Structures are given as structure tokens and as C-alpha cells.
Amino acid sequence: MTDAPDPKPIAALADKGPTAPPRSQWRDVWDQFKTHRGALAGGIVLLFIIVTVFVGPYLWPYDATFIDIRARNQGPSLTHPFGTDQLGRDMLARMMAGGQTSIAVGLTAMLLALGLGSLIGVLAGFFRRLDGPLMRLTDLFLSLPLLPLLLVMVLLFRETLSGILGPETGIFILIVVAIGVTSWMPTARIVRGDVLALKEREFILAARSIGTTNYNLITRHILPNVMSPIMVSATLGIANAIITESALSFLGLGFPPDFPTWGRLLNDATQYLQDYPERVFWPGLAISLTVLSINYMGDGLRDALDPRIRGR
Amino acid sequence: MTLKSLLLGATAVTGLASAAWAERGADGHVNLIYWQAPSIMNPYLSGGTKEVEAASLVIEPLGRYNTKGEMVPYLAEEIPTVGNGGVSEDLKSITWKIRPGIVWSDGTAFTANDVKFTAEYCMHPEGGCAQLAKYEGVASVEVIDDLTVKVNFTDAQPNPYGPFMGGQAPIIQAAQFADCLGAKAQECTDANFNPIGTGPFKVDEFRPNDVISLSANPNYRDPAKPRFATMTFKGGGDATAAGRAVLETGEFDYAWNLQLAPDVIANMAAAGKGVAMSAFGTLVERIEMNMTDPSPDLPEGERATAKHPHPILTDMRVRKALSMAIDRNLLVEIGYGQAGRPTCNLVPAPAAFASDNTECLTQDIEGAKALLEEAGWTVGADGIREKDGKKLSLTYQTSTNAVRQDFQALIKQWWSEIGVETELRNISASVFFGGDPGSPDTFQKFYSDVEMYANNFDGTDPQSYLASYTCNKAPRPETQWQGENINRFCDPAYDELVKELGRTAELEKRGEIAKKLNDMLTKDSYTIVPLVDRGRVSARSNTLGGVELNTWDTELWNAADWYRIKE
Amino acid sequence: MLTYTIRRLVLAIPTLLFISLVIFLLLELAPGDPMAQVPLTVPPEVKEKMRLALGLGEPTHIRFLKWMWQFFVVEPMMFFDWLFGTALAEGQQRVLSWQFRSPVMDVIVQRMPQTLWVVAMSYVVGILIALPIGIYSAYRQYSVFDQTGTFVTMVGYSVPPFFSGVLVIVIFSVQLGWLPSIYDTTLVVVDWATFKQQLMQMVMPVMVLALQTTAQISRFMRASMLDNLNQDYVRTARAKGLSEWSVIMVHVLRNSMIPVVTVIALGVPSIFGGAIITEQIFKVNGLGQLLITAIEANDLPMVQTVTFIIAVLIVFFNIVADVLYGVLDPRIRYD
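Protein sequences appear in the order of chains A, B and C. Taking the UniProt record's numbering, I'd label the letters of the first sequence as residues 1 to 312. Taking the UniProt record's numbering, I'd label the letters of the second sequence as residues 1 to 567. Taking the UniProt record's numbering, I'd label the letters of the third sequence as residues 1 to 335.
These aren't lab readings, by the way, just hints derived from the structure by calculation. Note that the structure is predicted; figures quoted are calculated from it, not measured. Fair warning: there could be bad hints in the mix.
Claimed, not checked - Derived pair list, reagent style DSBU-like, types lysine-lysine, alpha-carbon separation capped at 35 Å:
#1 B:Lys50 - C:Lys240
#2 B:Lys499 - B:Lys509
#3 B:Lys50 - B:Lys97
#4 B:Lys387 - B:Lys516
#5 B:Lys50 - C:Lys66
#6 B:Lys307 - B:Lys116
#7 B:Lys307 - B:Lys391
#8 B:Lys516 - C:Lys49
#9 B:Lys68 - B:Lys50
#10 B:Lys499 - B:Lys515
#11 C:Lys49 - B:Lys566
#12 B:Lys116 - B:Lys499
#13 B:Lys369 - B:Lys387
#14 B:Lys150 - C:Lys66
#15 B:Lys273 - C:Lys196
#16 C:Lys49 - B:Lys50
#17 C:Lys196 - B:Lys68
#18 B:Lys499 - B:Lys150
#19 B:Lys116 - C:Lys49
#20 B:Lys97 - C:Lys49
#21 B:Lys184 - C:Lys196
#22 B:Lys391 - B:Lys320
#23 B:Lys116 - C:Lys196
Taking the hints into account, I'd like the entire structure generated from these sequences.
See the structure below:
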């Protein structure tokens, strides 16, 4: 009892200090994201599609709008790996040119809708005073008939925008805004519903009691917790935007008719479904692959943002 | 089958009923599909083709045009002419004799009063009658006796067959529509959906824009007809689906107006369930050149008006070169197949009025280039022609329609070969063909350099059609942008010749003038560049007999004679 | 909660009146003309007369007030008359469609059966498939079931009905000849044979539409379940010894329902907006086809009435969703 050995210091305390450099939260998120196989595969596929679509046209000899009438309705061959359409335009060239527009429109319109929807949803859910007016605004937008609304937007803004920004950028902005402005409402309602429940949770009370500002509350505590419905909205939104773009072009609101996009290619090819099924296959596959890869990346991001899963 | 139809034709002529196989309702049920659904059964309230066609099953005019464009009597005993004394020598009146013994489907007698009432109904100033043009120039309609009616015109009418002739001007029952005159016409839902008629069928149930159920008219004048006891007239969907339902799945017996690419129709027909039929009328797909400047830099109210002539297209050489660069045969092959013929004429038929102009049918890229050079347009650095620092760049608009977009792409390519840059636009048909003066995208406003659409004329006489290109009919702000002279073509000589046509009664002379007018618009000035004479393609199943596709009247003009072919 | 519900319902009235005005102005401003479908052979003077006969000559505010009177006063009176056989609305002008010259409400009622059979049924089927898929996919995250489910639903969602509809028609109607490609709206179900016929014509449009609903709702269900499965209360519930079934189906599910309820409530009004493309492909001719043809024909009274009815449903179902939040999570307080 008396000659008890000297108490050995706990091993950990003997360590000199942290050996690894301090890690930021985003680095952890990235590390976790990297280990998510689905997310990684999704990222690679998406990157592949984007590179092909934006770099491909420089390498491929055919122009998307060049008509070779003698070579129309051809099946896949070495000169035309995806075949040709009813006017003899090379489908691979059209797929690449179409992809540029579809991906650009899909991504930007989705981001716009998502940003708008999340902002309105969070504000409405978090600040009781704003809830009423913002939600009535959402009701209003949900109620407006889509087609006349788009027609009015085009009527009012097309010539002005084309005048200021040039025809191509003007139409691009118009389409992106038209899709964004008409599709943010579900995201807003969903985010608001989640925020309403979240802000009554204990950790928000805790954060508030230590004097966290509203801004920090929203960005640090609320937003990461509503990430998963936002991610789902994002994946669904991009598919929607790609298809809606083709509908807009049909109304004459979108790009010129000889300008291919995936949605339009799919629509045009549906007529020929029985005779030339491969023509429907390629745009359908491209849209599905893009949406799927973004979906998996969303899954990965969601998991990476959840500290409870992280590190497991 | 040939023998059978011959026999049927024979009975149709003699009116005999062969008890063995010609009995009303003996052939059961028939299914029709129209991919545009009829919204009303009264053609006087909606000028739409689909409504006119659906109504023609139930209500009939005094006479119709047959498949050759000749007039045949329906409710009348004969077609009145100057020769038989039905039309007065001074062309100011026409007297119709009604076939005796005709009754309405409710059993009451059909009389001259119904005919007079029909004219009153449509000519009522507050009625908003869509077929008013058919009754233009009518001073009065007199009932001579129960079976005789006389139409008086204010001026000599070289073509007195507007009223009561053809699918657009059928006779409605005075008793049923008595309370529906003028503004009240809009509120008579029952009468508008279920008109009592003299035709082979009567309406059992009308569902607007969806489906019409019909059954044989028990009081139809020929006791052996119609051969079908009941009919379903389905509407909606799209042309592809309608074609598929007849040609591939055999669910329907008749599909109307299949505007589909020729190879799509051919592949469907390969299934062997039905056949696609085609016939030609006067519908011409054309490119219209804008004679005024549509530049957005001009102030609203002056843009696209006669104040500012078009900077490029006022030179005829440019217009001609644009026309020469087009290969019309290829357009037909790609877009219409058996339902199209290349044409250089605005009036492609009937033969008496059609010009023999075929000059444009061969594509001449080199000639077009030479013509542009001659006009002073030289090739610039980027392959696009220039003159005085101005690029030869055009905007080209049309309505949204798969075939039209293919045409746009093809023509853009040919024009680029001769050094013309083209910007394409497509506009939803409901905006493009709507006359909304507030929209910049209507075909009347023509805020574009060239545009493409199709137009035709009713009946067989092109007078009013050609008269629409006179100076005063140009759409402009003062007329709320309404008017038929879309290109703002203006030539006093043309106006004068149109007046002359209105004064001429002799058919041969009329033909000559009409041809001259046609040439003034097309090969002499290239204001209008006709592309394709578009026929009508409809499909019938192999078991439906008696169908004769008619482009001069409604397609269902002889539905009474249709029958089921038994295997 | 009750006072909140009542307050929201009362507040809905001015909201809806405002919405109806905005819709009306939007339709006024939109380019288009009811004469667009009249053939070009009809001369412009005649078209002008037809426009006047439709009442287009009157100023905008008069036409709006007229519509308000007809919709809010005459139509309810008509309904009352129909219920009790009275004659309150005798001689009053109802909301008339420009295309049909018939009362708008009659046509809407006529379109209800096929809309409910096809669109509503597909929504119910879609939800019934989606919920179990969503729950199980989350519970077994990254299992084969989850991966397949993700793949199928995402491909299903990215393939638009204008393609998938035609595809199933080509397979089942043209190639195999099993199912009719055209929906018969006049079919009345009276016995087993007609019921079978109804099922046969419903199955393709219902499945095509349900695919979209399933994809959407199962994704939200899965994501929301995943958020909750790792919460502390789940561990507590398990530690208490609750069965796995009651942990998942009672505790986790209830807490995960908020976004799902929102999505479902957002979708119900769109049933009454119909399914434009799918209806067109299968010739169902429900409310969606009615609305789109009315828009194409610029039949403003019809468009105005249908969109306003949808607006009423949107506002109503959003209130329902808000009330349900309070039921699902009692911590949510609105007052």
C-alpha cells in the first residue's frame, strides 16, 4: 500500500500534441464524399458527359446542323456511330451539341429554382412574420397556368433581352429564368415544412441560447439539416428542366428550331420509335445518365454532410 | 369487293333498296377518329374544319361538291345554272328547287322556310356567324313556295353558289333554332350540340372536344342508308396515334388528315390493317416574302408597314434567287410523299384556273448565285453575301410543326449555299395564326423577313382568294393588323385586274384572268414562293367500304354510302 | 390548432380573389386570340364580328366582374337548383365557353369520371408503391433493393411520358395487341365484362403516370427516412427494447412524413389539372386535355375557370398540409 508504484501518466496525455494538422469541416466532408462509391462513379460519369459534350464537337468532323440528304435515316455505322436523322444530320454531332444546351440549361435552371425555393422556404419557415406573405406568394405561383405565363414572359422580355445580350444569351437567360421562376414552389414548400419542425428542436434552442445570430443559425444549423430534401429536389429538378426546355422550344419560346437539345431530339424521335428505335435510345440514355449521376452525387453529398455517418 | 362497290354505286344512283344486303343499320357500328376534336356541331358558330366535318354527318346543304369539284344536288333537285334557268341572266338571283319528300330527323317536313331561316340566322348582325362570307352579297332570300327558294344578290354574282352550297353552309331547322338568333346563338347549347338534320346520322350524345355518339337517322331519305346503325366519332390525341389506331391496331375504321412524314405512314400501312388515301385540293404551302421592313429598330406602328420598304427583299432578283435555290421535289419527298406535289402556283387547281407555270421546279443553285452577284451582293469573308456593308441575312418564321421545321432546316441549308444567312424561328400555332394585335408573333404582323404557312380557298372559285392581295388588304396598325395581304404586296395593275375578274362571268375568261393574277404574284414578282401543293391523307381500315376522299367538300360528304366489307 | 385552421380558411378568401384577378390579367396579357383556329379562308371582318359576339368588345374590368358574378353567384345557384330542384338561377347567364358555347361547369363535370379513373387512380397507385419503396430503401441503404429502386425510379423520372406512353402503346397495343390504345370515355361500368374493359384501358395511362409519382415520392420518403434513422431517439427506442417494426413504422416514419406530406399535398390539386401529355397520348380526354385545348384555342372563360378551381384546391391542400405538420410534430406551433 505504501510502496505503490508511481502513478504512470495516462498515455494520451504524454503525447506532445495533435500530430495531424487541424482539419476543416469541408475537408472532412470531401474525404467522406470520396469514399462514397456511388458519388464517385456519378461524378466521373457526369464529368465524362460534360467533357464529351463540350470538347467533342471540336474533334468530330460533322456539324450538328449540316444536312446530308443522301445519308438520311441511316443506322449506326463507322462514319455515323449513332446513325443519322430524317434529314441526314449526324446524330452523334447533334447529341453533343444538344448536350451543351441541355446540361447548361438543366444545371442553371435547377440551381436557380433550388436557390429561390430554399431561400423562400427557409425564410418562411424561420421567420414567422414572413411565413404568411411568402406562402401566399407560393400559392399564387402554384396557381398560375404555366403556358400563358411563359407566353407572357416571352412577349414582354424576348426582344428586350435579345437586344441587350444578343439573341443566344438572351434566349438562354430567358429560358433559364422561365424554368426557374415556374418551378421553385415545391422546393420552397418542402424546405419550409422541414424548417418549421427543425426550429423547435433542442439543438436550435441550445444554439440560440448561446447567442448565435439568426444568420449563423440558418447557415450552420438549419441548412445542413434540410440538405436531403433539397438534394432530392435538385435531382428531380434537373430532369424536369431538361424536359421543360424542349416543351418551351415547341411553343416557340426557346431556341431556334434547328438547334438540337436532348429533350427536342427525344421528342422528334418518338415519332420514329418503331422504325428507328436507336434514335430515341441515345437522348433518353443521356438524360437518364445525367440525372442518375447527379442523384448519386447528391446521395454522397448528403451522407458526407451528416456528421453521424461521417467516419463510419 | 369491286363488284360489291359497283353494285352499291348502282343502288345509290337508282335509289333502289336491295333487301338482301342493303338495309339501314345492317352493318352495325363504325368508329371514326379525328385527332382534333370537334367542339360544337354548328358550323355557323365555329369555322373550324373539324366542326364543319362532324356537322356534315347531321346537317346537309342544298348541294355539295364531289371528289372532282363538280356540284351535285343534295337537298335540291338539281343545281341551278343559267342554262336551266335557275340562275337569272343578269346573275343577280338564283332559284333553288328543293327535292320533295325530305323530312328532318324529328319527322317534320323540310321546307323552303328552313332555307330562308338559315340565311337569316347567319346574316344576323349580332350572331357572329363564322360562314358570313358565304352569304356575302345576299340582298334577300325569298320563299316562293314550300319547295322553292330564291336568293337575290345586290350585284351581279358570277359565282352565285356561296349560300347553301358545300359543307360550310348547311341548312338548319327553323323550328329548332327559332330562339337562337343573334346574340342568343351563343346560349343555345342544346341546339348547337344536337342539331336536328336531314343527314344520314343524328347525334345521341355530344361531348365537346371528346367524343360524339351518333346513330342512323330513322327518317333519312334513302330507306337503305346509312348502312351503319351507330357511329362513334372520337376526337383528341395526335395524328400519329390516329394513324396507328386505324393502320396498326385496327381499333378504328377511319382517321382524318394524317399530317405525318411519308415514311411513318408507309411503315404503319405495312401492318396491313388499312390503307392511306390521298387527294388534292387547293392547299399550298408557301414562303411569303415581306415587302416591308420588319427591323426591330423601327418604332412600333411603323415597323413592317408600307412606310419602310424591305431593304433586301424589295429587289426582285433576291426574291427570285431565294426561290431558285429551293429543290421542291426533295421537299415533297421528305415532308409529304404521296400527299404532296411540287408547285409554282398559288392556285394549283381546278384546271380551269391553274397556270401552267413549272419554271421553278428545277433547283438552280448556280443561277441563283449569278442572280445575286448581278444584284450586287458579293460573298464576304465568312461566306455570307454583303452589299454596302449590309449582310444578306434573313429571319424565317413559321408555326411549330415537325414537317415545317424540317423544311426550315433544308431551306436554310440551300440558302446558305448561295451565301444567304438564315435565322430560324418557330412559333406555337395558337399564337402564330391568332390575330392578337398585341402579340409580335402573329403571321399578319409579319415581324420577320420571310415566313411559311399553307392556305387554300373554299370551293372551286379562287376570286376572293386572289382578291386578298390587293393593296387595301394589307395588315397595318390602322386595321388592328387584320388583313389577308400578308406580304403587303401592292400593284395597281393587280388591283385593276381583280376588279375585272369580279365583272367577268364567262368561265374561260375568268380562268385566263385568274392565271394572270396567279402569275403576277408568283413567277413575275416572286412575292409568294409556292413550295408544295399539299394533298389530304386520311386512312381507312380494310373493312370500310364506300369511302371517297373529297377535298372540295367535307371528307364525310358521302358517309351515307359507307358500308362494311365482309370478309 | 382549430383557431389557426379557421384563420387560414378565412384568409384564403382574399388570397383566392387576388389569385383570380392575377390569373385573369395574365390571360388578358398573354398573346393569343380565340379566332386562331378558324381557317384562314374566313375573312378578317367576319372574325371581328365573331369576336364581338363572344363579348370581347367589352372592357377588361367589365368582363372580369361578369366572370366573378357568374362564377361566384350564378354557378353556386345552379348547383343549388340541381340539388333541390329550385329555380334560383333561371335565366341567369352562366360561364360560357368560347369554344363550345356551353356552360363551362357542365363540361368540367363531364370530364370528371375519366380524370378520376385515370389521373387520381394513378396518383393513389403511385403513392402506394412509393411509400414502401422509400421506407425499405432507406432502411437498407445501399442494398441491392435500394440500388435497383434508385435506378428504376430515376430512369423512370427522366424519361418523359411523351416517350414512355408511346413506348408502352407500341409494345402492348401494336406488337402484342393486348390492350386498347384509345381510351373509351363513353364506357359505363355496369358488369364484370365492362369493368374488365375499363381496367384494360386504364392500365397503361395509370402505370405511365404512376411511374412519375412513384419516382418523386419514393425519393423524398427515402431521403427523409435516412435523416431520421440516425437520430438519438431511434437509438433510445431500440434500447428500450421496442420491436424493429414499431421503431421504424411508428417513430421514424412519423417524423419523416413532413416533406412527404408536403409533396403529396402539392400533387393532389394537379390531379384536377389532369395529365396533359399522358391524356393526349391515350386519348383519355380528361381535365388536362380540356385545359390544354382551351389554352390553345384561347378559350379564356374555360382556362380562367379551370385554373381557378385548381387554385382553390392548391390553397386548400396547402392548408391541409400545414395542419398535418402540427399533427405529425406537435412541437410545431403557429400561434
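So, going through the hints one by one against the coordinates:
1. B:Lys50 - C:Lys240: At roughly 71 Å apart (the allowed maximum being 35 Å), lysine 240 (chain C) and lysine 50 (chain B) break the hint.
2. B:Lys499 - B:Lys509: holds (13 Å)
3. B:Lys50 - B:Lys97: Holds. Lysine 50 (chain B) to lysine 97 (chain B) sits at ~30 Å (cutoff 35 Å).
4. B:Lys387 - B:Lys516: holds (34 Å)
5. B:Lys50 - C:Lys66: Holds, at about 31 Å.
6. B:Lys307 - B:Lys116: violated (47 Å)
7. B:Lys307 - B:Lys391: holds (22 Å)
8. B:Lys516 - C:Lys49: holds (33 Å)
9. B:Lys68 - B:Lys50: This hinted pair holds, its Cα atoms lying about 21 Å apart.
10. B:Lys499 - B:Lys515: holds (15 Å)
11. C:Lys49 - B:Lys566: Measuring from Cα to Cα gives roughly 50 Å; hence the hint is violated.
12. B:Lys116 - B:Lys499: holds (30 Å)
13. B:Lys369 - B:Lys387: holds (14 Å)
14. B:Lys150 - C:Lys66: This hinted pair is violated, its Cα atoms lying about 43 Å apart.
15. B:Lys273 - C:Lys196: Given pair lysine 273 (chain B), lysine 196 (chain C) holds - Cα atoms ~26 Å apart, limit 35 Å.
16. C:Lys49 - B:Lys50: holds (21 Å)
17. C:Lys196 - B:Lys68: It is violated: about 47 Å lies between the C-alpha atoms, which goes past 35 Å.
18. B:Lys499 - B:Lys150: Judged against 35 Å, a Cα distance of about 27 Å means the pair holds.
19. B:Lys116 - C:Lys49: holds (21 Å)
20. B:Lys97 - C:Lys49: Measuring from Cα to Cα gives roughly 32 Å; hence the hint holds.
21. B:Lys184 - C:Lys196: Violated. Lysine 184 (chain B) to lysine 196 (chain C) sits at ~45 Å, over the 35 Å cutoff.
22. B:Lys391 - B:Lys320: Distance ~18 Å between lysine 391 (chain B) and lysine 320 (chain B) Cα, so the pair holds.
23. B:Lys116 - C:Lys196: Roughly 52 Å separates the two Cα atoms, so the pair is violated.
Checked against the numbered hints given earlier, the structure breaks hints 1, 6, 11, 14, 17, 21 and 23 and satisfies all the rest.
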